[in-house]
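Novice: Now for the letters of each chain:
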Amino acid sequence: MTRIFVVYRCIVVFCILCCFPQLGLSGEVAAHGANEFYKLSATLSTSNKLALTYNIDPCCYLYKRGFSFQVLGSDVVVSHISLPESLRHNDEFFGDVEIYRGEVLIVLDLDFSRVVVPSDSLSIAAEHQGCADEGICFLPDRNVVRFATLPGLL
Amino acid sequence: MNNNGLKTLARRSLITCVVIGSVVAGILMSSSRPEIDELALKGAQQAQFQDLNGKWQQIASWSGSYRIVNFWATWCPPCIEEIPLFVGLQAEYADRNITFIGIAVDEVARVRGFASDNKINYPILIGSGDALRVSEILGNQRSGLPFTVFLGPSGDLIDMHSGAVPEAKIREFADKIR
Numbered sequence: 001m002t003r004i005f006v007v008y009r010c011i012v013v014f015c016i017l018c019c020f021p022q023l024g025l026s027g028e029v030a031a032h033g034a035n036e037f038y039k040l041s042a043t044l045s046t047s048n049k050l051a052l053t054y055n056i057d058p059c060c061y062l063y064k065r066g067f068s069f070q071v072l073g074s075d076v077v078v079s080h081i082s083l084p085e086s087l088r089h090n091d092e093f094f095g096d097v098e099i100y101r102g103e104v105l106i107v108l109d110l111d112f113s114r115v116v117v118p119s120d121s122l123s124i125a126a127e128h129q130g131c132a133d134e135g136i137c138f139l140p141d142r143n144v145v146r147f148a149t150l151p152g153l154l
Numbered sequence: 001m002n003n004n005g006l007k008t009l010a011r012r013s014l015i016t017c018v019v020i021g022s023v024v025a026g027i028l029m030s031s032s033r034p035e036i037d038e039l040a041l042k043g044a045q046q047a048q049f050q051d052l053n054g055k056w057q058q059i060a061s062w063s064g065s066y067r068i069v070n071f072w073a074t075w076c077p078p079c080i081e082e083i084p085l086f087v088g089l090q091a092e093y094a095d096r097n098i099t100f101i102g103i104a105v106d107e108v109a110r111v112r113g114f115a116s117d118n119k120i121n122y123p124i125l126i127g128s129g130d131a132l133r134v135s136e137i138l139g140n141q142r143s144g145l146p147f148t149v150f151l152g153p154s155g156d157l158i159d160m161h162s163g164a165v166p167e168a169k170i171r172e173f174a175d176k177i178r
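Residue numbers (the numbering used here), protein chains in the order written: chain B, 1 to 154; chain L, 1 to 178.
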């Protein structure tokens, strides 16, 4: 009796081990859209610096040339953009291009000197574009970062 | 083996069958093609896009022929990598009822220049976010490019591929039509 159960358990474990790798593979990719691969967070400091942090999924990368930033509906201007050191990537058609993987911290210097009508809020559009290593690329995507209250800044 | 032993064995066998059955069903369901609404499929093929001459066209404009519809963009390296293959196969399959259709998710001027430089010999339509949405209706779950669908003469969805299409897959599709 005990021997039958041992054999029987081995068969069950074998069947489950055969099935699980495929389960993990298909579930991971299908649920993701492009936004899931590039998560953005933002922090605004009192020294008028906006820190944008992109967390890039290990499957993917972002093009350095794909970044653009714009202040919306305000006289505040982006006076300087600090990008971290990029990685070299060879595209067969585009040649050597600069990309980012993992976590990317971008710092924008904001110039408030031209603001005529003070405001309590600030909205900034951040665009990015990237691809997945498996050979698909995503449309340029846009996030709008909004700060509802800016005590002492504007 | 006594009665209790047999009952326990039977119960465990039943539970095991249910567990394994669920796992196998999950695998089959997750790896099969996504469910696509037939009405939405037809609607997507009637979405209007301008061609390189500014004329409004739709995927359904080429009804009656087998269609290989490729969503692409000039800013997408894997997309432009496969264009020469499509150009070559369109010429090779000139005597077959197959039409390649490129739908560029891009700016008109860039597409026009690229099509001219690369001597694209099949219809090119141009869209933006609306074109991407059409691709999503046709099964582009990851909203990435390139994405290619294989349609029958009446618009039935035969196959789809995310990423650059292997040449063998297109040839296999074409060989069934001969």
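Since the hints were derived computationally from the structure, they do not count as laboratory data. Ideal placement from N, C-alpha and C gives every residue a C-beta, glycine not left out. Don't take each hint at face value.
To be verified - No more than 20 Å apart at the CA atoms, straight line, and that leaves these computed lysine to any residue pairs for SDA-like:
hint, chain 1, residue 1, chain 2, residue 2
1, B, LYS64, L, PRO77
2, L, LYS119, B, PHE94
3, B, LYS64, L, THR74
4, L, LYS119, B, LYS64
5, L, LYS169, B, PHE94
To be verified - Okay, the calculated bits of chain B under chain L, using three or more residues with CB under 8 Å as the criterion:
hint, segment
6, 53-60
7, 81-88
Novice: I'd like to know which numbered hints this structure contradicts. Please list them from smallest to largest.
Specialist: The structure conflicts with hints 4, 5, 6, 7, although it agrees with all the remaining ones.
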